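Numbering that gives the first Met the number 0 puts the first residue of the sequence shown at 0, with every later residue one more than the last.
Since the hints were derived computationally from the structure, they do not count as laboratory data.
Just so we're clear, the structure is a prediction, and the values are computed from it rather than from any experiment.
Have a look at the derived ranges for each label pair, beta carbon to beta carbon:
1) E18 x G83: 13 to 21 angstroms
2) L107 x T34: 15 to 23 angstroms
3) T85 x D15: 18 to 26 angstroms
4) A67 x P20: 29 to 37 angstroms
5) P115 x T34: 28 to 36 angstroms
Think of the CB as a built atom: it goes at the ideal place given N, C-alpha and C, for glycine as much as any other residue.
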Amino acid sequence: MGGDQGPDVGEVVRFDVTEHPGDAVVVGVLGEIDTMTAPVVRERIAGRIPSARLLVIDLTRVTFLGSAGLAALVEAKEKAEAAGITLRLVCGSHAVTRALQATSLLSLFDVADGVPEALRTA
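Starting from the given sequences, assemble the full structure and let the hints guide the process.
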């Protein structure tokens, strides 16, 4: 295959996963969540659900959140609920908050102002 195939997904989105006491897991997402990267984001989050009682998705370093990313977050929430896991978002970035508000999805999620608060209210 030749031609320009665009950036590698690893150049556009990165993850920082941290385990905390009490079966809490923080998945930090860095970069853009769009059509190209949403499947990777979905997979990373879903992979942490079995090992957590509380799953915090830290989106403070997300620079773009498209419709595919929003769908991935809604799917993660549904999977977490089905598994009896609390899923909490840390929005932080204007791009994330605006996308969730514009689509009326913000009210679907348990949102914390920061990771310490998200973990403290477990």
